[in-house]
Amino acid sequence: MRNLGPKSRKLLNQIGIHSRENLQQLGAVAVYLKLREQHSDVTLNMLWALQGAILDCHWNDLPLEMKSELKQQVSEALS
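Note that the numbering used here numbers the sequence shown so that position 76 is 224, with each residue one more than the last.
Honestly, the hints are just simulated from the structure, not real lab data. Every residue, glycine too, gets a C-beta built ideally from N, C-alpha and C.
Estimated spans, in silico, between C-beta atoms of each pair:
{"no.": "1", "residue 1": "Glu-217", "residue 2": "Arg-150", "range": "19 to 25 Å"}
{"no.": "2", "residue 1": "Gln-172", "residue 2": "Asn-193", "range": "18 to 24 Å"}
{"no.": "3", "residue 1": "Leu-212", "residue 2": "Gln-162", "range": "27 to 33 Å"}
{"no.": "4", "residue 1": "Asp-209", "residue 2": "Gly-175", "range": "14 to 20 Å"}
{"no.": "5", "residue 1": "Asn-193", "residue 2": "Asn-170", "range": "19 to 25 Å"}
{"no.": "6", "residue 1": "Glu-213", "residue 2": "Lys-155", "range": "25 to 31 Å"}
All chains, please: the whole structure from these sequences, using the hints.
If you want it as structure tokens, here you go:
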């Protein structure tokens with residue numbers, strides 16, 4: 149999966165994400181939240197990387213509006 153190196157893929161495998169299709173089914177926010185439950189050091193860069201993997205684009209190419217929306221969804225889920 150694009151944007152995700154060996155360490156990130158290992159973390160994803162630990163929560164049952166083994167393919168881009170798995171990631172797409174759950175969505176970047178849900179997967180990010182699952183990762184944070186087990187690994188408190190996971191940052192928003194992982195969220196951007198997950199969304200980029202879903203869209204098959206580099207995470208730096210995600211529009212700022214999309215990043216803001218993803219961040220808002222995480223905030224709402226955590227409140």
